[in-house]
Structures are given as structure tokens and as C-alpha cells.
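Using the sequences plus the hints, can you model the full thing?
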Amino acid sequence: MLKALVLLFLAWVCFLFYAGIGLFTSGFLLTRLELTNHSSCQELPGKGTLVGSGRGRRVVFMGDDTWEGLFPGAFSQAFFFPSFNVKDLHTVDNGILEHLYPTMDRDDWDLLIAHFLGVDHCGHKHGPHHPEMAKKLNQMDQMLQTLVEQLENDTLLVVAGDHGMTETGDHGGDSKPEVMAALFLYSPLPLFPGASLKDPEVVPQVNLVPTLALLLGLPIPFGNIGEVMVDLFSGEGDTQPLATALAQASAYHLNAQQVSRFLHAYSLAAQDLPPEELQHLQNLFSSASSEYEQLLDQLKTGEIYRRMQEALRGKLARGGGQTPLALAAYGLGSVYSAAVVTALALLAFPLLLLHTERISLAFLILFLQSFLLLQLLATAVGTPAGSPGPFSVPWLAISAWALTATQTFYSTGHQPVFPAIHWNAAFVGFTEGHGSSPVLPALLVGANTFASHLLFSVGCPLLLLWPFVCEGQGSTKRKKTLASGTEVGGEKEEEPLMEMRLRDSPHHFNAALLQLGLKYLFILGVQVLACVLAASILRRHLMVWKVFAPKFIFEAVGFVVSSLGLLLGVALVMWVDRAVGSWFKQLILSQER
Numbered sequence: 001m002l003k004a005l006v007l008l009f010l011a012w013v014c015f016l017f018y019a020g021i022g023l024f025t026s027g028f029l030l031t032r033l034e035l036t037n038h039s040s041c042q043e044l045p046g047k048g049t050l051v052g053s054g055r056g057r058r059v060v061f062m063g064d065d066t067w068e069g070l071f072p073g074a075f076s077q078a079f080f081f082p083s084f085n086v087k088d089l090h091t092v093d094n095g096i097l098e099h100l101y102p103t104m105d106r107d108d109w110d111l112l113i114a115h116f117l118g119v120d121h122c123g124h125k126h127g128p129h130h131p132e133m134a135k136k137l138n139q140m141d142q143m144l145q146t147l148v149e150q151l152e153n154d155t156l157l158v159v160a161g162d163h164g165m166t167e168t169g170d171h172g173g174d175s176k177p178e179v180m181a182a183l184f185l186y187s188p189l190p191l192f193p194g195a196s197l198k199d200p201e202v203v204p205q206v207n208l209v210p211t212l213a214l215l216l217g218l219p220i221p222f223g224n225i226g227e228v229m230v231d232l233f234s235g236e237g238d239t240q241p242l243a244t245a246l247a248q249a250s251a252y253h254l255n256a257q258q259v260s261r262f263l264h265a266y267s268l269a270a271q272d273l274p275p276e277e278l279q280h281l282q283n284l285f286s287s288a289s290s291e292y293e294q295l296l297d298q299l300k301t302g303e304i305y306r307r308m309q310e311a312l313r314g315k316l317a318r319g320g321g322q323t324p325l326a327l328a329a330y331g332l333g334s335v336y337s338a339a340v341v342t343a344l345a346l347l348a349f350p351l352l353l354l355h356t357e358r359i360s361l362a363f364l365i366l367f368l369q370s371f372l373l374l375q376l377l378a379t380a381v382g383t384p385a386g387s388p389g390p391f392s393v394p395w396l397a398i399s400a401w402a403l404t405a406t407q408t409f410y411s412t413g414h415q416p417v418f419p420a421i422h423w424n425a426a427f428v429g430f431t432e433g434h435g436s437s438p439v440l441p442a443l444l445v446g447a448n449t450f451a452s453h454l455l456f457s458v459g460c461p462l463l464l465l466w467p468f469v470c471e472g473q474g475s476t477k478r479k480k481t482l483a484s485g486t487e488v489g490g491e492k493e494e495e496p497l498m499e500m501r502l503r504d505s506p507h508h509f510n511a512a513l514l515q516l517g518l519k520y521l522f523i524l525g526v527q528v529l530a531c532v533l534a535a536s537i538l539r540r541h542l543m544v545w546k547v548f549a550p551k552f553i554f555e556a557v558g559f560v561v562s563s564l565g566l567l568l569g570v571a572l573v574m575w576v577d578r579a580v581g582s583w584f585k586q587l588i589l590s591q592e593r
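Quick note on numbering: the sequence shown equals residues 1 to 593 in my numbering.
Among the hints, erroneous ones may be present.
Below 20 Å or equal to it, Euclidean Cα-Cα: the simulated PhoX-like pairs (lysine-lysine) are [stated by the list, open to error]:
#1 Lys125 / Lys135
#2 Lys135 / Lys87
#3 Lys176 / Lys546
#4 Lys3 / Lys585
#5 Lys87 / Lys125
Keep in mind the hints are simulated off the structure, nothing from the lab.
The following block contains the structure:
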């Protein structure tokens, strides 16, 4: 019963830490206010739309099966292909090419989406300059050339990348090669009549949403924050400049109406938009709308959205051979530590397999370092044989153990930033992929990332047990024999009790485990607190979302993993103690018979 109370108390302390982390997270990390409103407008942006009016479009999709989970039942026809295996360069692309051209020849679709993945996977596997990348790019070039030849006059081709990549083929950070991607638009009818050649325009990705919505004759989504790409809304060439102006003004007006409705609804649900700012924006919109109604043939209304966006941007910018030890283990002198070390070995091997081969030496060195740390602890504390009451592990030893776990995290090639996560661990043992479920890949990547936290927390009870183990490494005590037995020089060797001393006082044993667990949780909690303070103090720092917030997230997840590992380690020691106690009782009963 006492052992269960110790575990329950440690679990309760862990829960208190979890609650504190959750409370801070709810206030610090970005929270998204989701409005359930939907746009429902009837006005269309003039005669420049490439697709006629009407809201029920027939959408055909082919490619990445992630879309199946994101938009279930949204497609009139779909061809999904497994996409999670980044080492597979051809399955998705070949599947798309099998269905793309036959679908183009049919007349049963209004919007066709083809999500190719070969270039993305090739970048992750080989990098941007590998010969395989040249092959994939040539394949895409040939696909686009064939596609362009099949386009009809009322069809718009949009080719876009969702992200770029670094020189190593990674993405997820905020460097220019990662956040820049190509956007190519083509129509058999001239989109930019009379436009001169110049440097390509940089277009924010959010601008695609309102632009494609209006081109399809659909209302702009209610929560859109993008600006229409007005150059795509043209009349009938240079001979109809007025028609072009009207189409562009109408597109801007619809965009401004949608943003105005969104700001009004948002201001009612949130408190971070000052009333005076909202009133100012509404005045701008009213004034521009009046001008639009009166002067539809002029371009003045083309500034509506830009003026509202600039005012809002300004607001956001301001916000911001057999040894004595082996013999002792056979004699139950190190039964607890032997169980913990065995568990660590069984746990370390699969975790090691999740890392690359070059990390193996780092793991070996760190294991030796941990062993030396335990030896230093035993030397500093000395023999606990005569210590009255519960044996206490020094704070310095526990702090060094926790810091060694952090050192191991960095020494094995990890960093507390998302681009540095070892995603290849998701495919260890599963070279052909996992299917559509992300659970197992997430567990593998998490085990790779927080391997050091798990190993050192499960092994934390060794800090309590190791000084007792080291009793068997010194000279054995000798007593003069008073009865028969194996004698050496008139004396009989006495096997050191080692960890069996802990069974002499079960209450002190449980108290020592509880004290060790609380100290370890306290030190881990101090580390989390330091990250919380850093993130709070530097919340307006330019690097908060690149450095401080990711560091807090990694530290918080690491604390959860470490606390669970600690509970497992303490539970293992208690389970062994219960098994040893049960064995002693059976032995005593058999002797009494």
C-alpha cells in the first residue's frame, strides 16, 4: 500500500507540473479564434472571370492522400496515393500522370487539383543538386508542356510550390530559400495584355485564396486575410481598358467587403482590436465604397484593401571474469540496480537504432560518462551502511544527472528547433512507409528526439542504488568464525549486504525513492521555469518564435517524457522489491515446514 501511495504522490506532483505548463501555454502560445461564419455574396467581379457564375463546383483531385483526411467527401472524383514515405519518388507522380491527361479530355470537372510529391521527396532524400532531382524536374517540365498543349481557352493553369528548401533539402524554417516558392500562371488567352518583361512579382501565398475564389465565381472565404491578385482580372485586351478597370475595381470591392465583414465579426468575438482602430477602418471602407458606387470607371477603389491592410499592419507591428559485483548480484546484493540496468539496456538498443550510425560512438561515450558519474557519487557519499534513517541522494548528484540528460540531447545531434528534428527516424524499419496513419511515425520521431530524457529518467533510481552497489567493490568484511564454515586464516568471509540494506527499513526505502523523485522533478521543473521566464520576458523579441518558443515547447514535452520515465523507473524498483519480499516470505515458510 505504501508503494502505491508513493507512486500516486509522484504522479500527483507530475500532474501539478503539467497543469502549470498547460496554463502558461494557453496564455503564451498563439491561439486561433475560429469564426464559423461563411461568405454568401452574389456579386461577381465583372466579365473578366475565367469561369462562369454559380456556388456547387465539380472538383477532381489526384495525388497526396493527406487531402483525403483534410477534405473528406469534398471531391466529385479523387485518386489518392500514399504519400508519407519520403524515399518513394515515383508512386504519387506516376499515379497522377496515369489519370491526368484522360481527365483533362473529359468535361466533368470545373477544378482539377494535382498534388505531385516527387520533387519534394527527392529534395528530402537527395537534396536540390542531386542527379535524381534533375530527372524529377525534367519529368515535371515534360508534364507541363503536354498539359499546356491540351488547355482550352477558358482554362487557367496554376503551378505553385508550397515551400522551398535549403541546400540540404530541408524546410520548415524561415530562411529565404525555404519560404520562397515558384508561382506560375498560364492561360491560352492573354492574361497580361501589353505587359512588359520585368522581374517577377513577389506574391504572398494567402493572396491565392481570394484570387482563385473570384476566378471560379465563388465568394471569398469569410476568414480570408489575403489580397486579390488584381492583374488576373482583365477585360478583353488593350481594346477594352474600361472593361479591365471595371473588373479589377469589382474584384477589389468584393475583397474589401469580405475583409470588412471579417473585421466586424472578429471585433465582436475578440478584444485585441481597439474600437477606434476598427472605426477608422470602417470609415475607410465606407468612403471607398461610396467612391466605387459613384466612379466605377475609375481606379481609385483599387486602394481600398491596401489602405485597410496598411492600417492593420501598423497595429500588428506595434503589438508585436566474475567480479565481486557479479557474485553480489547473484546473492541479491544488486538485484534492484541489475533490474534497472537491464531495463535501460533493453530500452537503449531500439532507441539507438533510431539514430544514424555516426551517433553510436556518442551513445557509448555518454554511457561511460554516466557510469563515471555514478562512481563519483558513490565515492563522494561513501558507504551508506551506517547512515541513520533514509538515505538521501545529494542535490548536486541529481542536478548533474539531469544536466547529463540535456547534454546527451545535444550530443546526439538534436536541437530544440523544429527544422532540426530527425524526421528520417519515422522510416526506421518501415522503408515502404506506414500507410496513412501518422501515429507510429510520430512515436518513432518522438522516441528519437527525447531518447536521452527517457533513458536518464528511467535510470534515475540508480542514483539511490549505486552507493550500495559499490560496497561490494571494496574489501570484504571479515569476522572470526564462531561456527562451521569456509575459513580463511581463521576468519570467514562475509558477503556484503549492499542493496539488501534497503530492505532492513522498508519505510526508509520508500521515503528515499519519494525524495529522489521529488528532487528530480524539481530540477526538471526549474529548467521548464527558466524557459517560461525567457519566453515571457522576450515575448516581443524578434527571435521569439524561432528560438524561445520552440525551446519552451521542447522543454515542456521533455518534462512530460522525463516524468513518465521517472514513474516507470520508480515503479520498476518497487516491483522488484515486492518480488524479492514475496520470495523471502516463501523461503521462510518453506524453512518453517
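Comparing the hints with the structure gives:
no.: 1; hint: Lys125 / Lys135; in the structure: holds, 14 Å
no.: 2; hint: Lys135 / Lys87; in the structure: holds, 15 Å
no.: 3; hint: Lys176 / Lys546; in the structure: holds, 14 Å
no.: 4; hint: Lys3 / Lys585; in the structure: holds, 18 Å
no.: 5; hint: Lys87 / Lys125; in the structure: holds, 6 Å
Consistency with the previously given hints is maintained throughout, with no hint failing.
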